[in-house]
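Please model the complete structure; the sequences and the hints are all you need to start from.
Going down the list, the protein sequences come from chains V and C. Heads up: the first sequence is residues 1 to 472, going by the working numbering. Heads up: the second sequence is residues 1 to 220, going by the working numbering.
Check each hint, because a few of them may be wrong.
Between beta-carbon pairs, the in silico distance windows are [claimed, not checked]:
(1) Lys284/V with Leu35/C: 31 to 41 Å
(2) Phe97/C with Leu26/V: 46 to 56 Å
(3) Gly29/C with Pro216/V: 56 to 66 Å
(4) Arg315/V with Gly29/C: 42 to 52 Å
(5) Gly77/V with Leu35/C: 34 to 44 Å
(6) Gly77/V with Val20/C: 50 to 60 Å
(7) Gly263/V with Pro8/C: 25 to 35 Å
(8) Gly29/C with Val366/V: 19 to 29 Å
(9) Lys284/V with Gly204/C: 28 to 38 Å
(10) Gly137/C with Tyr370/V: 45 to 55 Å
(11) Glu126/V with Gly29/C: 47 to 57 Å
(12) Glu126/V with Val11/C: 34 to 44 Å
(13) Gly16/V with Gly204/C: 28 to 38 Å
(14) Gly263/V with Gly204/C: 12 to 22 Å
The hints are simulated quantities; they were obtained by calculation from the structure and are not laboratory data. Only a predicted model underlies this, so the values are computations on that prediction, with no experimental measurement involved. We put the beta carbon where it would ideally sit given N, CA and C, even for glycine.
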Amino acid sequence: MKSNVSNRQQQGILLGLALLFFLCYLSLCFNNNIWTDEAFTIELLHSDFAGILKGTASDVHPPLYYLIAKCFTLAFGDSLLCLKLVSILPMFLCMSWGALIVRRRFGLRAAVLYSILLGVIPCTMEYAVQVRMYSWAIFFLTFMALWAYEAYLEQGLRFYAGIVLTSVAAAYTHYFAFVSAILIYGFLFLALLIGKRRELLKWLLSVIASLVLFAPWMPYMELQVKGVSRNYWIEEITGETVKAFFPFLFDMGIPGTTAFWLGFLALSLFFAIRMMLSARTGQKEEVGAGLFALLCLLVPVGTALTGITASALIRPVFIVRYLLPCMGLLALFLAITLSRYADKAVYGALLLCFLCAGLVDYKQSVYREYEWTHTAETEAFLDAHVGERDIIAYNYESYKFIYDYYWSDEEKVLWQGMDLDNTEYENIWLLDTIYWPTPTEEYLAEHGFQKTFMGNFGIEHNDFKIFRITRL
Amino acid sequence: MTRIKQQPIGVWMTLLCMAVLWCMVWPAGLIKDELISRTAADYSMNTGPVGEVAAIQEFVPQYDHIKSIGVDIGKLDGAANQGTLYLHLYNENLEEFAQIPQDIEEMKDGELTDIPVNLKLEAGRRYYVGILCEEFGDAAPIVHYRSLSGNGPSENLHFYYGPNVIEDASANIRYIYRIPLTLSQILFYDSLILLLGVCILRLGKRAGRETGEKSGEEHA
Numbered sequence: 001m002k003s004n005v006s007n008r009q010q011q012g013i014l015l016g017l018a019l020l021f022f023l024c025y026l027s028l029c030f031n032n033n034i035w036t037d038e039a040f041t042i043e044l045l046h047s048d049f050a051g052i053l054k055g056t057a058s059d060v061h062p063p064l065y066y067l068i069a070k071c072f073t074l075a076f077g078d079s080l081l082c083l084k085l086v087s088i089l090p091m092f093l094c095m096s097w098g099a100l101i102v103r104r105r106f107g108l109r110a111a112v113l114y115s116i117l118l119g120v121i122p123c124t125m126e127y128a129v130q131v132r133m134y135s136w137a138i139f140f141l142t143f144m145a146l147w148a149y150e151a152y153l154e155q156g157l158r159f160y161a162g163i164v165l166t167s168v169a170a171a172y173t174h175y176f177a178f179v180s181a182i183l184i185y186g187f188l189f190l191a192l193l194i195g196k197r198r199e200l201l202k203w204l205l206s207v208i209a210s211l212v213l214f215a216p217w218m219p220y221m222e223l224q225v226k227g228v229s230r231n232y233w234i235e236e237i238t239g240e241t242v243k244a245f246f247p248f249l250f251d252m253g254i255p256g257t258t259a260f261w262l263g264f265l266a267l268s269l270f271f272a273i274r275m276m277l278s279a280r281t282g283q284k285e286e287v288g289a290g291l292f293a294l295l296c297l298l299v300p301v302g303t304a305l306t307g308i309t310a311s312a313l314i315r316p317v318f319i320v321r322y323l324l325p326c327m328g329l330l331a332l333f334l335a336i337t338l339s340r341y342a343d344k345a346v347y348g349a350l351l352l353c354f355l356c357a358g359l360v361d362y363k364q365s366v367y368r369e370y371e372w373t374h375t376a377e378t379e380a381f382l383d384a385h386v387g388e389r390d391i392i393a394y395n396y397e398s399y400k401f402i403y404d405y406y407w408s409d410e411e412k413v414l415w416q417g418m419d420l421d422n423t424e425y426e427n428i429w430l431l432d433t434i435y436w437p438t439p440t441e442e443y444l445a446e447h448g449f450q451k452t453f454m455g456n457f458g459i460e461h462n463d464f465k466i467f468r469i470t471r472l
Numbered sequence: 001m002t003r004i005k006q007q008p009i010g011v012w013m014t015l016l017c018m019a020v021l022w023c024m025v026w027p028a029g030l031i032k033d034e035l036i037s038r039t040a041a042d043y044s045m046n047t048g049p050v051g052e053v054a055a056i057q058e059f060v061p062q063y064d065h066i067k068s069i070g071v072d073i074g075k076l077d078g079a080a081n082q083g084t085l086y087l088h089l090y091n092e093n094l095e096e097f098a099q100i101p102q103d104i105e106e107m108k109d110g111e112l113t114d115i116p117v118n119l120k121l122e123a124g125r126r127y128y129v130g131i132l133c134e135e136f137g138d139a140a141p142i143v144h145y146r147s148l149s150g151n152g153p154s155e156n157l158h159f160y161y162g163p164n165v166i167e168d169a170s171a172n173i174r175y176i177y178r179i180p181l182t183l184s185q186i187l188f189y190d191s192l193i194l195l196l197g198v199c200i201l202r203l204g205k206r207a208g209r210e211t212g213e214k215s216g217e218e219h220a
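In C-alpha cells, the structure reads:
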C-alpha cells in the first residue's frame with residue numbers, strides 16, 4: 001500500500017512520536033524514589049571508572065551501563081533526574097533512529113506501530129525510567145537485530161560492523177542480553193547458510209571480532225558465574241513462575257490485559273507464518289519480512305528457554321525481568337506482522353487501541369512513580385522533625401544501601417548497634433521495620449527512654465513505622 | 001440482491017453488539033478494576049483457636065464492593081488443617097447477612113489466603129467479620145493479628161477474640177475491592193471493542209466479496 005505522506009512528513013511523524021514518548025517518560029522522572037538495584041547503581045557511580053569496573057566484577061552484571069552512566073554524571077552532574085535521563089535516552093533512540101530504519105525496510109505503518117508498541121508494552125514503561133541497564137540493553141539488541149536483517153539483505157560491511165558493536169555492547173550490558181545476541185548471531189548464521197553462503201565469511205569475522213572485544217571481560221564473567229553458581233538470591237523456577245512471566249510482561253492492572261497481549265502475539269504468529277507461506281506466490285520480500293518477524297519472537301523465547309535450562313542445570317539464575325532487553329524485538333515482531341494485514345480502518349483502530357493501552361500504562365506509571373510509595377512524605381517528615389542533636393536509626397540492615405541515598409552516615413545509625421546508655425542524642429527517630437523486633441516500653445524504660453508512635457511511613461518497597469524515642 | 005439484503009443485517013448486528021458491549025463497559029460497569037487495601041506489617045501475634053470462640057474484626061469498608069477478604073491463619077504445625085473456616089459477616093446492628101465457607105486445607109499457613117466473598121456493602125458504614133471454624137479435627141487454627149497503631153489496614157477498628165476486645169490489635173486481613181474503571185481504562189476497553197468490531201466488519205465485507213466473485217464465476 002503506497003503512502004500519500006511525503007518522506008519528510010513520515011520522518012516528522014516518527015520523530016513526533018518519539019518525542020511524545022520521551023515527554024511521557026520525562027514526566028515520570030521528577031521524584032526521589034529508588035529501589036535496591038537503583039541504590040546499587042547510585043552507590044557504584046560514586047566510584048571512579050576503575051572502581052566501577054571492580055565493583056561490577058564483584059557483582060553479577062557486566063559494566064557497560066555503569067560506565068555510560070558515569071560519563072553522563074561527569075558531564076551533567078549526578079542528580080537522580082540526570083540518571084533517569086540516561087535510561088530514557090536509548091528508548092528515544094529506539095523510537096526515532098530505530099523507527100526510521102524500520103520505516104525504510106517495512107514502511108511507515110510498521111514503523112509507527114513499532115514505536116507505539118515499544119512505548120506501550122506494559123513492562124517497558126516501568127523500566128524505561130529506572131536507573132538500571134534495561135533500556136540500553138533494549139537499544140543494543142533491537143539495533144543488532146535490525147542491522148542483522150540489513151546485513152542479510154544488503155551485504156554491506158557497515159551493517160556487520162554495526163552487529164559487532166551492538167552485540168558486544170549488549171554482552172557488556174547484561175548477560176541475558178548476551179544470550180539474546182548469541183541467538184541473533186545464530187539465526188543470522190542459519191539464514192546465511194540457507195540463502196547466502198558467500199556471506200558466511202563476513203559473519204565469521206564478525207563473531208571473531210565480537211569475541212575479541214568481549215575477551216577482556218571473560219575472566220571476570222567466569223568469576224561472576226562461579227560466584228552465582230554458589231549462591232544467588234533467585235528462587236527455583238517452577239511452572240507457576242513461568243506462568244507468572246506473562247503478567248509481569250503484559251499485565252496492565254485491569255482484567256484481561258495479559259490475554260489481550262497474548263492474543264496479539266498469537267495473531268502475529270499466525271500472520272508471520274502466513275507471510276512465510278507467500279513463498280509459493282513468489283513474494284520474496286514478504287517471506288523475508290515474515291521470517292525476520294518470527295525470528296524476532298524466537299529471540300526472547302530462546303533467551304527464556306536458555307535461562308530456564310541454566311536454572312535447572314546450575315542453580316536458579318533467571319527471572320522474567322531479564323527478558324526486558326528483548327522487548328524491542330517483540331515490538332518489531334508485532335509491528336511487522338500486524339501492519340501487513342491491517343487495512344486502513346483496522347490499522348486506525350489498532351493504533352487507537354494501543355494508544356489507549358498506553359494511556360492506561362502511563363496512568364499506572366504515574367501512580368507508581370508519584371503516589372504508590374511514602375517516600376516523599378517520609379523525607380518531608382524527617383526534614384521537618386530531625387534536629388541537629390537527633391539521629392535517624394534504622395533496624396533493617398540490608399536496606400542501608402537505600403538509606404545511604406537519602407541520609408549520610410552522620411545522620412543515621414543502625415539501631416541494633418546503638419548503646420542507649422551512652423548515647424548523647426536528644427531524639428532517636430527509629431525507622432521500625434518488621435525485620436527486627438520493635439523495642440518494648442519496658443526495654444526503653446530500663447535505659448531511660450520512651451517511645452512515641454509518629455506514623456506509618458516507608459521508602460519505595462520498604463514500609464516502616466517511625467517512633468520518636470526520647471529520654472524519660 | 002440477496003447479498004445486499006444480507007450485508008446490512010450483518011453490519012447492523014455487529015454495530016449493535018459493539019454498542020451493547022460499550023454500554024456494558026460503561027455505564028453498566030461490568031468490568032471492574034481491583035484495589036487492594038495495603039497494610040504495613042510488624043511482628044504477628046495470634047489469637048487462641050477459632051474453633052469454639054470466634055475472632056471478630058470490626059471494619060469500615062472504603063468502597064461498596066468487596067471481592068475478597070484475605071485471612072491469615074496459623075495451622076499449628078499442620079495440626080489444625082481440617083474442617084471449614086467460616087467468615088460470618090454482620091452489619092452494625094450485629095445482624096448476620098452472609099456466611100462464607102472456606103476449606104481449611106486449601107488455606108495457606110501463616111500467609112494471607114484471599115477468600116472470595118463478592119459482597120455489596122455500604123462504604124463508610126461499620127461491619128464485623130467473624131472468623132470461626134467447624135468440623136475441625138483435634139485442633140482449630142489460630143488467627144494472626146498485629147498492632148493496630150500504624151499498621152492498618154485503614155478499614156480495621158476493634159479486634160475481638162470472643163467477647164473480649166484485644167487492645168491495639170488488628171487482624172492481619174486484606175480487603176480486595178472491585179472498583180469502577182477510570183476514564184482511561186474505559187477508553188481502552190471501548191477501543192478494543194471498536195477494533196474487534198472493525199475487524200469483524202472488514203472480514204464480513206471480504207467474505208461477502210469473495211462469495212460474490214465465486215457466484216459470478218459460476219454464472220459465467
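Here is how each hint holds up against the structure:
no.: 1; hint: Lys284/V with Leu35/C: 31 to 41 Å; verdict: violated, 53 Å
no.: 2; hint: Phe97/C with Leu26/V: 46 to 56 Å; verdict: holds, 51 Å
no.: 3; hint: Gly29/C with Pro216/V: 56 to 66 Å; verdict: holds, 60 Å
no.: 4; hint: Arg315/V with Gly29/C: 42 to 52 Å; verdict: holds, 48 Å
no.: 5; hint: Gly77/V with Leu35/C: 34 to 44 Å; verdict: holds, 39 Å
no.: 6; hint: Gly77/V with Val20/C: 50 to 60 Å; verdict: holds, 56 Å
no.: 7; hint: Gly263/V with Pro8/C: 25 to 35 Å; verdict: holds, 29 Å
no.: 8; hint: Gly29/C with Val366/V: 19 to 29 Å; verdict: holds, 23 Å
no.: 9; hint: Lys284/V with Gly204/C: 28 to 38 Å; verdict: holds, 32 Å
no.: 10; hint: Gly137/C with Tyr370/V: 45 to 55 Å; verdict: holds, 50 Å
no.: 11; hint: Glu126/V with Gly29/C: 47 to 57 Å; verdict: violated, 28 Å
no.: 12; hint: Glu126/V with Val11/C: 34 to 44 Å; verdict: holds, 41 Å
no.: 13; hint: Gly16/V with Gly204/C: 28 to 38 Å; verdict: holds, 35 Å
no.: 14; hint: Gly263/V with Gly204/C: 12 to 22 Å; verdict: holds, 20 Å
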